[in-house]
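Peer 1: Sequence order for the protein chains is A and B.
Last residue of the first sequence: 407 (the numbering used here), numbering continuous.
Last residue of the second sequence: 514 (the numbering used here), numbering continuous.
Fair warning: there could be bad hints in the mix.
[Stated by the list, open to error] Residues on chain B that point at chain A, a partial pick, calculated with CB under 8 Å: (1) 436; (2) 451; (3) 453; (4) 473; (5) 480.
It should be emphasised that the hints constitute simulated quantities derived from the structure, not laboratory data.
Glycine residues also receive a C-beta, built at the ideal position from the N, C-alpha and C atoms.
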Amino acid sequence: MKLIEDHLAIDPPEGVPVWDVDPYSESVLANPNPYYAALREQGPFAYIPRYAILACGRYDETKEVFSDHTRFVSSRGVGLNDFRHGKPWRPPSLILEADPPDHTRTRKVMARALSPKVVAGLREDFRIAAEAIVDRLLQMQGFEAVADLAEAFPVAVFPKAVGMLDVHARHLVDYGAMVFNGLGPDNALRRAAMARAPEIVPWITAACTRNRLTGDGLGAIIYEAADAGEIGHDEAAMLVRSFLSAGVDTTVTGIGSALWCLARNPEAFAALRADPALARPCFEEVLRYTSPVHTFARTADCNTEVAGVKIVEGTKIICALGSANMDPAKWDDPEVFRIDRRPAGHLAFGVGIHGCVGQNIARAELEVLLTVIAEKVAAIEPTGEAVWRPNNAIHALDRLPLRFRPN
Amino acid sequence: MPRVIFVTPDGTRTEVEGVAGDSVMATAIAHDIVGIVAECGGSMMCATCHCYVEDAWSARIGQRSDGEEEMLESAACEVRDTSRLSCQITLSSDLDGLVVHLPDAQT
Ligand code: HEM
Ligand code: FES
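So that you can see chain B by itself, here it is in the shape it has in the complex:
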């Protein structure tokens, strides 16, 4: 059960148990994490599942997917090198303990 830690802009950390194969977005929705909206449900159309992956994890989660870069341009908050659409990050045991930071707003 890979754990994911969501950090709000004010620094509050929430640790949840995810399921390998699920996306970080689906994990957030399943645990009512405020701050991930995911209006399109993971079809990569809304950019309301934006998150910043903590530096230490950036290398391990791999590349942005095809089209993700462009959809990020629609994100409500600043896009940084660590920005990802959380619906495009799939959990695995390798990602146990993944830390993602939530942006100030999604819409």
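Same shape as in the complex, but just chain A:
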């Protein structure tokens, strides 16, 4: 048995085009749309020889593979490594990298902590923080929106919501980026991420212990489930860790991308100002249009078939969510940003049993922030070029120079 990137090196299935591309090259990661279009053009699947994997990017097949948790499992890793054959770089996530019945148990506890009811209680805090930050930015001639807004807002509200006593803004943002880079191949991005693990991981682990959390945050809800015997106390610490790996860098990315969309589409921002109730649909379209999580993988756990293609057990399939969200077979004029599109069925939060458990909090953060911006800002003006930051799983901005024109 031959392994590549710690997974089974499969041969190209019959009828599947062999496509010599590196989906994890920095040029693709910085500007993925041409790669997505070419991927969809290949067919339902393409075989990528350099990693001996399948890739899919048409809406229907991406959704089928990504949501069928019995045939395409997560417990073998949602990156290129197959945990059955190689050792994961960190203990696997008890939710993201787990299958039922283990997943069902941990998911229930996480869903409780992140339910619409719990999130409704956070909105007031979100609003106060959003107003303070936006007011400050309105005083400035210009600002760097990634650091000054996209990072500043979640770092102000999220650790507090979790109940963290220790806040280290850089570690919180970089931990997520590190975990996401870890899902890729052994490239420069992954190696640089792994090199930072000894610095960041011990801090994260310590910050997730019960004595470093307040008794009234989301973290406490997880530890209460441990007290009740639903999960172990060691598991509770790991689930709190999941808040931090999946909940900071993702929303940072979502906010940066939302500002990027609105700065480039002034008519959309005008529509939002005229009707701030568009804040929620606006974020859905930002998610579809920019897909903060661009690619996650699954592993075939049996011999099976999708769209007539025979897939053998052990096949790694990378699912380009960003491509599915741009598939013209699914969306009218996918490359047009329409603030009121209401793109039900987009895959930016995934789909099925692993569908983002933090989506309520992400939506609440963005809805509140976009509403405050719509109320206070007359125009969002770019003052320099937007630069993207390549990451093996996240499509995020590195820099976004902007100016807010006051009302």
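With chain A's structure known, arrange chain B with the ligands on it following the hints.
Peer 2: Same frame as chain A, now just chain B with the ligands:
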């Protein structure tokens, strides 16, 4: 093709043809039934696909799924014994003619 009948709070009935294997939520969305929002797309995170199953069908559609009970606590309207998240009800030929009532609001 199992049929589903959606009944609005004012009593208006809409009958649609579903597909066995699809959820009641997906059937509602496919037919633009106003009153099922389903913001999370069926990941059981939003409780905006809440519905009341008509008494006669309650026994046949089976139990609430693991975690559904708790997520229902986030529903905008009153939760009754017949309350379900429609994304957790899978259509089959046994459910042909299923009648579900829509709540006053989902958010
Ligand atoms: C814009 C923001 C976000 C995006 C785009 C996003 C995207 C995603 C996606 C695509 C998945 C599916 C993964 C899979 O199926 O393999 C997922 C799962 C997950 N997300 Fe998010 N997410 C966001 C925000 C958050 C937040 C704020 C939290 C925490 C509070 C969070 C926690 C999680 C967790 C724990 C999972 C794993 C769920 C499971 O496997 O059952 N996410 N997210
Ligand atoms: S669609 Fe969100 S809970 Fe059913």
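Peer 1: State for each hint whether it applies.
Peer 2: Consistency of the hints with the structure:
At a threshold of 8 Å, the smallest CB-CB gap from residue 436(B) to chain A is about 6 Å, leaving the interface hint in force. Taking 8 Å as the C-beta cut-off, the interface hint given for residue 451(B) holds, the closest approach to chain A being about 7 Å. Given the 8 Å rule on beta carbons, the hint for residue 453(B) holds: about 6 Å separates it from the nearest Cβ of chain A. With its C-beta approaching chain A no nearer than about 6 Å, residue 473(B) sits inside the 8 Å limit, and its interface hint holds.
The interface hint given for residue 480(B) holds, since its Cβ lies 6 Å from the closest Cβ of chain A, which is under the 8 Å cut-off.
The structure shown violates none of the earlier numbered hints.
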